[in-house]
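What follows is each chain in one-letter form.
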Amino acid sequence: MILSDSAKLQISQTAKRYPKARSAILPALHVAYEEHGYLSDQMYEEIAQVLDVKFIEVAEAASFYTMFPKAKRGKYLIQVCRNISCALLGSHHLTAYLLDKLNVELGEITADGLFTVVEVECLGSCTTAPMMQVNAHYYENLTVEKVDRLIDEFRSRK
Amino acid sequence: METKLLTQFVGDPQQHTIERAIEHGAYQAWQKVLKEIAPAALIQIVKDSGLRGRGGAGFPAGMKWGFVPKDSPKPEYLCCNADESEPGTCKDRVLLEGDPHAVVEGMMIASYAIGCHTAFFYIRGEYDVSQVRMSKAIDAAYAKGFLGKNILGSGYDLDIVVHRGGGAYICGEETALLSSLEGDKGLARLKPPFPAVEGLYNCPTIINNVETLANLPHIVMKGAQWFASLGTEKSKGTRIFSVSGHVKKPGNYELELGYPLKDLVYGLAGGILDDKPLKAIIPGGSSTPLLLPDKIDTKLDFESVAAAGSMLGSGAIIVIHEETCIVWVAEILAHFYMHESCGKCTPCRQGTGWMYEILRRIEAGRGKMEDIDTLLDIADNIEGNTICPLGDAAAVPVISTIKLFRDEYVYHIEHGKCKVQSQFKLRAK
Amino acid sequence: MSDFNITVNGRQIPVIKGQTVLQASLAAGIDIPVFCWHPQLVPVGACRICLVEVEKWPKLQVACATIATDGMIVHTDSPKTIKARQGVLEFILAHHPLDCPTCDKGGECDLQNLTFKYGLDYSRQHEPKHRVIVDSNSTFDDLPIGPEIIRNQNRCIHCYRCTRIVDEIAFEDDLGAYQRGYHTEILPPPGRQIRNLYSGNVVEYCPVGALTNDDWRYKVRVWLTKQTNVICPHCPDGCNMKLWNFHNKLFRATSNANESIDNGFLCDIGRYGYQYVASADRIKRPMVRRAGELVEAGWEEALTLIKKQTDDIKSKLSGSGFFGFIGDIRTNEEIYSFQRFVRRVIGSNNIDHRFHRRRRLTPGEEVSSRGIESDNAEYKDIENADVIVVLGSDLHSENPITSLRVKRAVKRHGARVILLNPLPTPLGKRTATLEVIHRPGMAAVLLHGIIDAMVGSSRFDASALKLTAAEIADFRKANAEFSGSGGAAVAGVDLALISSVAEMLVAAQSVVILTGSYVERDPLRDTLYLAVANLQSFCKSARKIFLPPDSNSVGAAYFGVEPAVLPGRQSWGKKATCEDLWHGPIPDTPGKDTIGILEAIDEDEIECGFVFNADPVRLFPDGEYIRTVMEKLKLLVVVESFMTDTARLADVILPLSTFAEIEGTRINWEKRLQYSRRAIPPLHESKPGCEIIELLADRLGVRFNQPNPGDVYPEMAGFLPVGAPTTYAAVGKDGFLIRGATTDKPGKLADLKFVVPEIDAEYPYVLFVGNADHHRGALTERNETLMKFTSEPFVGISEADATDLAVSDGDLVKVESKYGRVVGKAMILHGLPNKRVLLPENFSEMSVNVLMGRQDKIDLVGLAKM
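Protein chains in written order, with our numbering: chain A, 1 to 158; chain B, 1001 to 1429; chain C, 2001 to 2866.
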């Protein structure tokens, strides 16, 4: 068993709010991701059991969305928007800057296990571009100085 | 200047608490509706107000509600579409974070109008703050008795379920949203049947955008006539415009519909960044055609923008100055549509990828002259032939940029490089 | 018959309300290309190749999902339509690999055909083609995704037919589509394979070569082959197939879609179950026993031997010293001519085709049990039923295509399915609304308990039935001990569950009751039949279908391979007609059935038997007894294709051709007579059954001059009801439904006389016999593909019993009864109730019947770890 009992309880409670338990597949995947930082087949199996749906339904749904990766990421998943409003204000340069600064390739984990940098599409922060989402938080109106400061802060956190 | 109707209180850092929201008038409309206004009358009020959907399609909201079968044996559902993902658009976020109770109240009113007892709030998974604030707002509304069973003794029951998306632009399309809500992949579905007749779990379902719903409390309190007095003849009310890109003061500005684009860009938004000449504006989110500077006098309402050759869309105004390579812009947008295609129908699934790959090759300096016509033909073969509008949307930037800036494409192909370099760097401070 | 017209390409075509533009057009012979559309699947409008122009509509519409409305004007060949079609093809071809030279689908590929017909003849796609690489060292991106199916994702056109077939038709979940956009990939669920019983259909219906099967792979090009329409021999569903052969070698079987029966789907057993025809284990030449050993011989030697020994025995015992057995898998022509041979030439009425009976029926009982027979029913009756009751059947493995029809009823209109079985079966998952597991042997008690609960229900409406109130009251009283909580306890079922079943039946407008092997082989089978008839009387409108065991059991029963009936199931009074037809006498009195025959052999009253493609030594529920008895025979002539347990005891073996090498008719469970054509000539020195019988008859002194099935058919057809086709040519696609008279009201409501069987302390497990995955009967073992799915027998036990026995999956376990033992590898079957064992009967290395005794009403065994 990978998912904790409380995660499973949360999933089954959530399922009760929907007319059909199957609708709770997406919320269940969020619960699993938040608990573990990645998804796995075993978790799909457990979710399917809790919701009494088919394993394949959970597996297919999880594979469709960007927020349920199977790959493990660094402690801080840095998602840089590469879409137009951000790009017009230098977000592609931001990505290059981060990769260079952290000495890592796109999608890989830094040697210290702290960071993974990926590019994503529009995050709905267009008027405060350029920006990045680190785990659940948005960091907006970025400048080189801000980015440097944020990275230092992340590094210093326990 | 702005007309702060929906955004009047978003600047107040406590507005997301129910106490502050109530101080500012929240839930008065809801109580009025429960006490005095029958669903049929409510639908008529919204029809009379002329409120059009604020998601992008601009369909009259009251008319959509009217499509719900009157005597359906199946339960009716309302979905608030908070899957805001159209590039350039961040207006719903303003309301979700800054005045969530307005959205909750809007959902309540819409639910009541169509006879829905379980409403769903579908929010894009990445909008963390919005989701937390809306969830808390809903919980607070329950605590105050505005939601739940026999609300305020009216005999009306309503539950709202918060449902986070998993990261897919396509789930903003109503049929894909329903697929996602049902626990499936977010695949678009054929219409007909239309969601108003056969939607969520095959039951009548209305999907309304966040901003559309936020208008409802105002319409109820101040009346359809009052709402219809704002805006233009066919585009009533206000709308929040997200201005982004090469402007000095990017931001979300709420304006009466019909506001001149020029005043927005050069006035409220402070003019072009670094005072460079304007090259083009995308007026309604990436799925709308570009406008050249000669269209700067266009008024921002549905018909005027359409007449200018584009669409009001999601109201996301992306400003591009002269030192931008348009092919680079097209490539960025093409990548987006390719990444977001659900993959169900052939033209979008294959066509978006193909357009992106050609644009990438042109941008990388290896374009061939025939690529331009190939791109146009691919776009033509996609347009109108797909299950949902994502395909059409993907075709737009390609067709529009080629139509207006063919010379840049030709230059790219002939010289193997950009006519104008886009060297956008992160600001130092 | 139509409701209105629409105009397509200037032509008015009729439309039945609810049809789509595509359906109406196809029916009118107008071709509209399709990829993702399939007549049995819900339209999804994914491929977009069927886009057509509809006047007054702003955009092109997909014909597959556009409901035709009165006055619609459609163009399928306007410039806009053609451009859109070319666009779709171009989009597909943009990343489709140019694999045609090595792709199995070449020559029958929809993409090839449509590109040729509608596509552009140039490419302007200059980007590198997308590849889903399986092995970076190879240019072949083939990935096996199951024991038999190979996927090449590069070729996939994303029509999603495969995942839709698995999900919508089969209700299975072992194939899905993952990710999104053009990265969408078809795969089984993570860590699993596609191996459901219907998996071959995804290969057949894949429009391109993205899904292929190992069976057909690289062996032959489709344009070199010939197709022959045959009827599947493996079960009584009667599916229509095509066999494809090249130079008289069979290469594959595909569906020959019949909407009355199979809707275009085959189960894997039918699809891959032709491979046994070419098995190296075929008996190739006649064999005779010399010095105790069976050795090959010529036909002449074999026939001479038979003649001599037959004459010897006949001089001593006359015709009554002989018997004939024939298997239910043979054609009607062979069955008819066999019983004619035994009766007329051998002079014996000792003839049977049923080997699971444990109790002998007197001729009187034989005749009267005919009163409880299957009702006239067709597949569409199952599809239209409100409630489908499956009693005593693992319907999934016994009747795979009937199971699909049940699933279709569930899918299309929410039919409720009730399973009443002594152990869980695959239909319990995702198809059944209620799965009731009862104590072994208690099915009749359960049925009566259900009846009683129905009568007691507040919604029971006696006026809708053909029973009087007095009859109902009497019946209830007589069966009181099987009702309420007492009856429920005896049956081993929760009373609440019985009530749920009863409520469903009371509310149902139409019910179909299906029974299968657990009823058919039950020692108390006739009691069960009565109980089912009783249940039927208490339903508003119910049909009962006693599913027969094999593909032509109905034919065997119909054409008189039973001791007390004559062809056409005529009574003994019609004997003279047969004697006329066969130009000679047949014995006066009815003969003995299987049990009677075995007893007679044991008492030296019968010394010779002709066993025609039957294996009673393997099947009869008392392995030791049957073997001992059969060994006593002085002359055992076995006509067989393979060395079965019975053949091993033979004195003479004559090699018999298989279903693909003969033509003939078969009758499925619907009582539908269908014609199966010969695909290849007889292999080796085997001969078709009719020819063998003609040779035997001739050698023994009677010439019928009907060596070919086509010669037999006209005479045989004379026993069919009026209106039956009298020649093969007259047997159409839908065959001929044999319909006898049905009674409006069954006879007197039968009381149940019943004793609860005791469980033995020394042998505390109840034995059940079933089919392994991808197996049915004894022939499936000889098909390589089916053996990939399950290659060896198992001993199925529950989790708790496994724990008690300290046994894990794969451990050797000994199964022992007071009669014998078998050994096999344990397999834990989740959901199997405790103290039950399930053994498959499909593998020659495990003879299940050695564990059984013919006097027993229930089979009990003990288990121990080896």
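Accuracy of the hints is not assured; some may be wrong.
Said to hold, decoys possible - Cross-link-like lysine-lysine pairs, in silico, DSS-like; alpha carbons within 25 Å at most:
1) Lys1136(B) to Lys8(A)
2) Lys146(A) to Lys1429(B)
3) Lys1191(B) to Lys16(A)
4) Lys2056(C) to Lys1191(B)
5) Lys1403(B) to Lys2083(C)
6) Lys20(A) to Lys1074(B)
7) Lys101(A) to Lys1425(B)
8) Lys1248(B) to Lys146(A)
By construction, these hints were calculated from the structure, which means they are not laboratory data.
Okay, the hints, checked on the actual structure:
Distance restraint check for Lys1136(B) and Lys8(A): the Cα-Cα separation of roughly 22 Å lies within the 25 Å cut-off, and the hinted pair is therefore satisfied. Using a Cα cut-off of 25 Å, the hinted pair Lys146(A) and Lys1429(B) holds, with the two alpha carbons roughly 7 Å apart. Taken as a hint, the Lys1191(B) and Lys16(A) pair is broken in the structure, with Cα atoms around 30 Å apart against an allowance of 25 Å. For the hint linking Lys2056(C) to Lys1191(B), the alpha-carbon distance of about 17 Å falls within 25 Å, and the restraint holds.
Note on Lys1403(B) and Lys2083(C): the hinted pairing holds, with a Cα-Cα distance of about 21 Å set against a maximum of 25 Å. For the suggested pair Lys20(A) and Lys1074(B), the alpha carbons sit about 14 Å apart, so the restraint of at most 25 Å is met. For the suggested pair Lys101(A) and Lys1425(B), the alpha carbons sit about 15 Å apart, so the restraint of at most 25 Å is met. Proposed proximity of Lys1248(B) and Lys146(A) is supported: the alpha carbons are some 19 Å apart, at most 25 Å.
In summary, the structure is inconsistent with hint 3 from the numbered list given earlier, while agreeing with all the others.
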